[in-house]
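*Asks:* Residue-level listing of the chains:
Protein chains: 2
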Amino acid sequence: MKAKVRLYVEHPLGAGQSVPLTREQAHYLFGVMRLGAGDAVALFNGRDGEWLAEVAEAGKRGGTLACAEQSKPLQMPPDLWLLFAPIKKARTDFIVEKAAEMGAAKIIPVQTDFTNSERIRQDRLQAHAIEAAEQCGGTYVPEVTDLQKLDRLLANWPEDRHLMFCDEAEAGATGGLTGAAPGPWAILIGPEGGFSEAERSRLTALPQARVVALGPRILRADTAAVAAMTLWQQALGDWR
Amino acid sequence: MKAKVRLYVEHPLGAGQSVPLTREQAHYLFGVMRLGAGDAVALFNGRDGEWLAEVAEAGKRGGTLACAEQSKPLQMPPDLWLLFAPIKKARTDFIVEKAAEMGAAKIIPVQTDFTNSERIRQDRLQAHAIEAAEQCGGTYVPEVTDLQKLDRLLANWPEDRHLMFCDEAEAGATGGLTGAAPGPWAILIGPEGGFSEAERSRLTALPQARVVALGPRILRADTAAVAAMTLWQQALGDWR
Numbered sequence: 001m002k003a004k005v006r007l008y009v010e011h012p013l014g015a016g017q018s019v020p021l022t023r024e025q026a027h028y029l030f031g032v033m034r035l036g037a038g039d040a041v042a043l044f045n046g047r048d049g050e051w052l053a054e055v056a057e058a059g060k061r062g063g064t065l066a067c068a069e070q071s072k073p074l075q076m077p078p079d080l081w082l083l084f085a086p087i088k089k090a091r092t093d094f095i096v097e098k099a100a101e102m103g104a105a106k107i108i109p110v111q112t113d114f115t116n117s118e119r120i121r122q123d124r125l126q127a128h129a130i131e132a133a134e135q136c137g138g139t140y141v142p143e144v145t146d147l148q149k150l151d152r153l154l155a156n157w158p159e160d161r162h163l164m165f166c167d168e169a170e171a172g173a174t175g176g177l178t179g180a181a182p183g184p185w186a187i188l189i190g191p192e193g194g195f196s197e198a199e200r201s202r203l204t205a206l207p208q209a210r211v212v213a214l215g216p217r218i219l220r221a222d223t224a225a226v227a228a229m230t231l232w233q234q235a236l237g238d239w240r
Numbered sequence: 001m002k003a004k005v006r007l008y009v010e011h012p013l014g015a016g017q018s019v020p021l022t023r024e025q026a027h028y029l030f031g032v033m034r035l036g037a038g039d040a041v042a043l044f045n046g047r048d049g050e051w052l053a054e055v056a057e058a059g060k061r062g063g064t065l066a067c068a069e070q071s072k073p074l075q076m077p078p079d080l081w082l083l084f085a086p087i088k089k090a091r092t093d094f095i096v097e098k099a100a101e102m103g104a105a106k107i108i109p110v111q112t113d114f115t116n117s118e119r120i121r122q123d124r125l126q127a128h129a130i131e132a133a134e135q136c137g138g139t140y141v142p143e144v145t146d147l148q149k150l151d152r153l154l155a156n157w158p159e160d161r162h163l164m165f166c167d168e169a170e171a172g173a174t175g176g177l178t179g180a181a182p183g184p185w186a187i188l189i190g191p192e193g194g195f196s197e198a199e200r201s202r203l204t205a206l207p208q209a210r211v212v213a214l215g216p217r218i219l220r221a222d223t224a225a226v227a228a229m230t231l232w233q234q235a236l237g238d239w240r
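First to last, the sequence lines map onto chains A and B. Heads up, the first sequence is in my numbering, so the first residue is 1 and it goes up one at a time. Heads up, the second sequence is in my numbering, so the first residue is 1 and it goes up one at a time.
For reference, chain A alone in the conformation it holds in the complex:
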């Protein structure tokens, strides 16, 4: 049995579990992907690993899948948060998608002094993270939080969490992750237009913070997010 569709569900997964489908899921599986009774679907819920399931009932407005066997154990990403300042819609979507693919555990949109957008659609961004997890074969979906104010986050920054801070004003700096300690980390990608002076002093004063340069060219925020996560995953995460 080989599944051509991977689907995220909320329902518990386990041997013999019957998984009811929402109307949207039924439309996707039976309308768009043309699956029918007996076809295989790979399911994951972020907690129970990946399970192969079979279509038991297929209807226009719903249906049921029957879990057969576990096809992958749960694989949690490293304890890495990605903090970024939302930019234009397409690029914000992109950053969330990339964070899920690259294995961030939590995605935190932050409002900085130079952030243009005051609001985000958290539900839409969370849906992007789910879709990216479905695509990349992950068994975990990172949580996308609501927009948070950077100054408040930094004022209450967890003592045990390191912060890798990437700032376009630092282009050409030479700090890397060599010798960095493992453990909980966060990556902070600066907004277009950079950080304000107040933010920059607060960041450099934070003992958990470490400036990491991303080469001699100025990267867009979405490029910087992927590049920073690559450096981190290779040095301290699950690419080692």
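Just so you know, the hints here were simulated from the structure itself, not pulled from any lab data. Among the hints, erroneous ones may be present.
The list cannot tell twin chains apart, which means a pair is met if one copy fits it or any two copies do.
[To be verified] As a list, the in silico SDA-like pairs of lysine to any residue whose alpha-carbon atoms are at most 20 Å apart:
#, residue 1, residue 2
1, K60, S18
2, K2, G16
3, K60, E24
4, K60, H27
5, K72, I218
6, K89, E10
Got chain A; can you put chain B on it based on the hints?
*Replies:* Then chain B, alone, in the frame of chain A:
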């Protein structure tokens, strides 16, 4: 004098040079960006570094800039090619943009056995590379070639050029760039759907080729391109 616009031009740049503008450039500078006589523009042509220039004449259909002083020397990217199989339009554009930002010297779209698109718009992709260079502060614009057949490229592969080959079928492999030799390199990003068996044997038989894994999750081609260029730039390129 501080320029709020960076512009790529074809014309030679140097002290006292007068640079004529095309109709499109004049529209952009004077119509869209609202510059006028005496305003500063940063110019680069990929050969002479970056020059600060002043608007000498501003017209609806053209104009002239006068070069004042060099503001950056020419900085060539390392001798790195990016080879990728074109995918959906938006993601292909994105890969070209990212390759320019990340400092590839040459961008080569390749037709593989599982590539869907038979044609690309080379002129449009080249324009994306120029725009990315304008944005990222680079003084060089990578050439985007026409679509080339992968099997023909590999059959005539330059003896002295290493090839970093990233394949989603290799997710979870452990090869990195540790100990890799400097010199001319190329990165090849696999198409969605992976390489064919014939392509994979040809690649693994190539003495210049080295498989590099990009973590335990399957990355989309555009994510893989940025991640692979990050690993390469850090190990062998100008991020060192």
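*Asks:* Hints first: check each against the structure and report whether it holds.
*Replies:* Each hint, compared with the structure:
| no. | hint | result |
| --- | --- | --- |
| 1 | K60 with S18 | within (18 Å within a copy, 68 Å between copies) |
| 2 | K2 with G16 | within (18 Å within a copy, 68 Å between copies) |
| 3 | K60 with E24 | within (10 Å within a copy, 53 Å between copies) |
| 4 | K60 with H27 | within (6 Å within a copy, 53 Å between copies) |
| 5 | K72 with I218 | between (39 Å within a copy, 14 Å between copies) |
| 6 | K89 with E10 | neither (27 Å within a copy, 33 Å between copies) |
This entry does not satisfy hint 6, going by the numbered hints stated previously; all others are met.
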